[in-house]
Each structure stands twice: as structure tokens, then as C-alpha cells.
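Student: Position chain B relative to chain A; hints supplied.
There are 2 protein chains.
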Amino acid sequence: MEHRLSLDLGERSYDIVIGASLLPRLGQLLQPLVQQQRVAIVTNTTVAPLYLERVTQSLQHVGISSLPIILTDGESFKNWHSLNQIFDTLIEQRFERSTVLITLGGGVIGDIGGFAAACFLRGIPFIQIPTTLLSQVDASVGGKTGINHPLGKNLIGAFYQPRLVVIDSDTLSTLPRRELLAGYAEIIKYGIIADASLFSLLEAHVEGLLRLDNPLLIDVIHRCCAIKAQVVAADERENGQRALLNLGHTFGHAIETLTHYESWLHGEAVAVGMIMAAELASALQICAAQDVTRIRTLIRRFGLPIVGPSNPTSSNVSIDAWMDAMSRDKKVEGGQFRFVLPQGIGKATIYRNPPVSMIAQAITSCSAKKA
Amino acid sequence: MEHRLSLDLGERSYDIVIGASLLPRLGQLLQPLVQQQRVAIVTNTTVAPLYLERVTQSLQHVGISSLPIILTDGESFKNWHSLNQIFDTLIEQRFERSTVLITLGGGVIGDIGGFAAACFLRGIPFIQIPTTLLSQVDASVGGKTGINHPLGKNLIGAFYQPRLVVIDSDTLSTLPRRELLAGYAEIIKYGIIADASLFSLLEAHVEGLLRLDNPLLIDVIHRCCAIKAQVVAADERENGQRALLNLGHTFGHAIETLTHYESWLHGEAVAVGMIMAAELASALQICAAQDVTRIRTLIRRFGLPIVGPSNPTSSNVSIDAWMDAMSRDKKVEGGQFRFVLPQGIGKATIYRNPPVSMIAQAITSCSAKKA
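Protein chains in written order, with this note's numbering: chain A, 12 to 382; chain B, 12 to 382.
These aren't lab readings, by the way, just hints derived from the structure by calculation.
For glycine and all other residues, C-beta sits at the position ideal for the given N, C-alpha and C.
Each hint should be verified, as a subset may be incorrect.
Stated by the list, open to error - Restraint ranges, calculated between C-beta atoms of paired labels, are given here:
| id | chain 1 | residue 1 | chain 2 | residue 2 | range |
| --- | --- | --- | --- | --- | --- |
| 1 | B | Glu103 | A | Asn95 | 41 to 51 Å |
| 2 | B | Thr56 | A | Ser274 | 38 to 48 Å |
| 3 | A | Leu44 | B | Asn364 | 22 to 32 Å |
| 4 | B | Thr270 | A | Ser109 | 28 to 38 Å |
Extracted from the complex, chain A is given alone in its bound form:
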């Protein structure tokens, strides 16, 4: 079973192929796109032992040799140093403008490998093979690439589209459970912002999805990618509608910043961020209280956190620290906070500068003492 989805971006258009057991067929899928007889594969120390050989063998079958570039796994390595490790190898191996770079891994690998492809010789073709649920439904669509800066997440990067995305649901079988759950946070997000029927489907099939039942899972991934593809096609550089995809992300990025990207997974932070956004929307009277409850309940049923980080010295992180962390977010414009807020299930909006007291209240309502 295989779905194919086209992302329409004019000369930057590309396909997303979604299915089971795609890695062994990778050579065939890639062959039309690879002009040279070698490719670089950017992956990490966790994914390489699991899938690198399957990928290189499949490429070898069609006569393409692979140069693996294996980065240390982890968000804390999404930095200039790892980026340079890729550049150094590409330069030493005399890779050229038409050499294809493949990213094999989760969001960090896709982001940093994609950014390396965007910058090396001012841009070489790249192909994305996302291996985590989060990256399959989120990072693989839309061309956001980049690295972190010590002062904030994804502050340095580029909009750069891959030539093809291959999503093999089989790779989820080896994904640690916590990361699988984090992926479902982004899936829930699509239901909230754009698709009430997807949200209902998730409510009806929590257990099946956690068991990775197919064709259910592939269908859900496909629906998420289709929503994102539609939004990105309409607004590639995030000037308008695309910002809705950031539901939960202003709060979520603050959680990641406050905890130094160490203890929270991105999806976990977004999960709590979405509840905070729903609480804020409810306080502003643009979202019904029962929808906040549905959101919180579904997040909890998927085994995701529903309260924010605690401070070791006091029960909670101070509101000042939250506001400071949020003010560094890319969604801040003209000094104004722009929050993406749900207007019920299936619809969201951008809200500028809600009262600070209400922001604080939304944070407090999801803080540890209430857990």
C-alpha cells in the first residue's frame, strides 16, 4: 500500500510517498532523481545501526554508492558544529552541485541535513527519509530547515524544499514509545486547527494507533501531510495561514528553552502548549470550555504530558521567565505576541497581544501543582 501526495510549489514542487516497506524499494524510488552515481546520507548514531544498511543496499541495487555522514544523536547537537561536520565531508569528498544529499532520521537530521543542502554550494538537491512519527507528519513537509542558536531554537536556517520525501511507516516499529507519543501530539494538532473529522477519528482509535495498526496509521499520516501540504502550498514562507501550524508552539518553544532542550521532547512541549493555547482561547471566549476538555483528554489518552515543567527550587517556573522565553520566539512581530489559538475543534486563528494576565493564567492552569 502506498500513497503519493504532491506538494505544489511551482518549480519547487515535490512528491511525498507514504507507505509500508518502502526502504527496500528506495533505490527504484530515487533513481529518477539522482544524476550522479553517488549520494551522501546524513543520519545519526541511533538510526544508522537500524536502517542505514537497508538504505545503502537498496541504492546499491540500482548502482548508486553512498557516503554516510553520521552525526551524534540529539537536539543539543543541532548546531553549527554538526553542520560543519557535513560541510567538511562534502568538501573533502568533492561533492558537487548536482550531488544528492539524503537525510535519514528524525526532525533534527532533516533540519540540519536540509540546511546543509541549502547552503552547500548555495544549494544541492536533497531527499528526506523521516524515520520518526513527528518528522513524518511535520518536518517532512514544508521545507523548513535550520539549526539552533545557544539563545533559541531554529533561529538560523532556510526555507529549502526537498526533491522527494519517502515515509516508511515500518521505521516507527523501532521508535521509542515516548517519541511515538510525541509524534501523536502533532497529529492531534492537525485535527484541532484544520480537521474535526480527523480529531474524531483519533478519539475513536487511540489504542489502534498506539499499536501502529495499518492501514489506519498510514491513512492518518497521509491526512496530516495533506493538510500541511495544502497550507504550505498557499503560504510557503509563513506570511499568513502557515502560522496556524504553530498551534502550541509559542508556549512549547518556551518550555524547550526553559528546560534547555534537555528534558522535554518537542512534541511533549507542543502537547502542553496546545492545552495552554486552548485555555487562553477559552479565557478570551473564542473557544468553548468543552472543546478545551476534549483537547486535554485526547492528549492525555495518547500518554502525553498535560502540565508544564517545574522549577527544582520552587513549584513552578516564574511567569517572567516564561514571558522572556516566549519573547524570543520567531512568531513575535513588532514586539507583539502572536498566539495561534483554537476556535473549537477544526479551526484556529491568530490572536495578537492577549492580556499578559490571561497568558499567565493559561500557563498557571497547566502547571504542576494542578496535576
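Tutor: The following block gives chain B in isolation, referenced to the frame of chain A:
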């Protein structure tokens, strides 16, 4: 007197304004493009004392405050460290996606500042004020940005277009003579590849141009920018015709690499590179010998070098070292050398894999012993 030229790149289109005494009118020119009340100005330790105050005052008149970011002057500082200096300041000052970055300086400043604008928050608007002749006729048109890597020039970068380019010919009055001459190398290049009448105009007015006579000079700058704008509009990402602009650059970059970017200016290296390309074209019988002579003569009359670098231990750099340096060039494709070669005055072509013996002969014909 003021010329305005439009570079047609669809949604990435922008204007180039060329004239005398434009800096005092900068505020007016920029005002329609600046949404916020502050801008960042990336400049260097040489240009800042000369022109920064003129620029900041002009902006202040229209209510825009400036944050200067002053980098150390020099090609050897076109690296990740300087780039990070820009990022750090932008982040510390909480610059946002709509903040405008202005580059004030030569090619290095335009390249690194433009690349910073391309990557910061995945892209902020930037405005280029080139202050050297070379950057006015070359780097200011076409959106090539980037930094050097220890193993090669401009290996890391992006195609990223400015929103406006302001070329004030007054800034050339403070340009060191050697840099002025280097600029004329690129101007001669436009004559060779695309405009025989421009080449004749240069032959007729060497002295006037070296005196910076206007309106002659502004007219010449305008003609060069127009040629480049036309080429770039047809081929933004250098897949075809745009490569012709690299006449002299494969040899030239090798000269810069062999001398570690220390003793040769880019334009000087390109000047010798163009003669080498003409000699190679002559050996391949695609360019008449008298045209090689016209090219060499005009380059010499503009006070530019006509022989390549010597090696301190022997009379010349070895051909092996040349070939190695050239093989790292971005113009290499599928392991093949692609040389841009003149087919007389006013026309050039791309030639793949000329015999190594002829390449060596072209290099030798421009080497020190023949000076």
C-alpha cells in the same frame, strides 16, 4: 543624475538605483521598504569611519534608528565567525522577521551580510549599498551570498535577493586605487562576454574612467548592471547562461586559493584568469589571436596584472597545484571541468574538458617568466 534598473525575478524582483550623491538621500529611498523603526547596518572597520555616519543620519531624518554591526575588514574574515557575530547581535537585540538588514561595504560585506539575512529566522529583508566598484557592478546584482570555507571560496551560501540596491558612485572617491582597478576587471568582463560596444567604449575612455569622470562612469556601471540583470533574470540559480558571468573565474579562483586569498584581489585574479581563458580559447581555435591581444592590452591599460602568481621557491606554481585548486571550483560538474571561454569580443561560451595540456599551456603563457 540617477538611473533606476529593475531586476525581474517574479516575487523576488527588486530595483537597483545608480547615481551620484545618493547616500544623503538614502532615508527617502529606503523609507517605503522599512516597516520597523530600526535597521541593522552590517559594515566593516574601513567603511564605517567613511560612510556610516552619512547613512545613519540620512535614516535618522526619516525616523529610522540604526544598529551598526562592524566587522573586521578583509576577505579572510568572510567566515563563520563573522557571520556569527552578526547573528549574535541580531538575536541579542531581538531583531525580528520584518527587521531590515543593510549591508554597507564591498563584496565581502554584501556576501556575508546577505547570507546572514538569508539565514536569520530563515530570511529577513536586506538592502545592499555596495561601496566598491567591483561590488557595484558584480556582487550587487544577482543574490549570490555566502562565506568562505578553509578549503575554498564561497562554498557555503545561498541565493538570496535584496529588496533594493543603492549604488552611489561618490563612494568610489575613497576607494584605494588598487581596488578601483580590480573593479574595472569585472567591467571589462562584461564587454568580453556580452557587449562589444562596451568593450570599445572602455578602450576609448581608459583615462576618463580612471579619473571617475561622470556621467561616463555612472553610464558604464549602469550598462554592467543591466547586462548582469538580464542574465540573472533568465537564469537565477546559475543552471545555464548565468555561468558565462564566470569568465576568468575558474582560473581566478585558483589564483586566490593558491595564494590563500592574501596577496591577490579578486578582480586582479579574474583579470589574469580572463587572459588565461582567452589564451585557452585561442588554442582551441574558438577565439582569434587579435582578440586575445585586445583583451590583454585593455587589461594592462587599466593597470591590472597580466601574469599569474609566482612560487617563492621556483619561478612558477606547478601545474598540478593549479589543477588541484581548479578542481575544487563550484563550476566543476560530474568531475568535468567547465571553462567559460571568449569567442571573440562580445560573446562567450561554456567549454567542457579541454585537453589538460592546453589548460597548462594557457596558464604557462600567463606566468611570470613571460612578464
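Student: For which of the previously enumerated hints does the structure constitute a violation, in increasing order of number?
Tutor: 1
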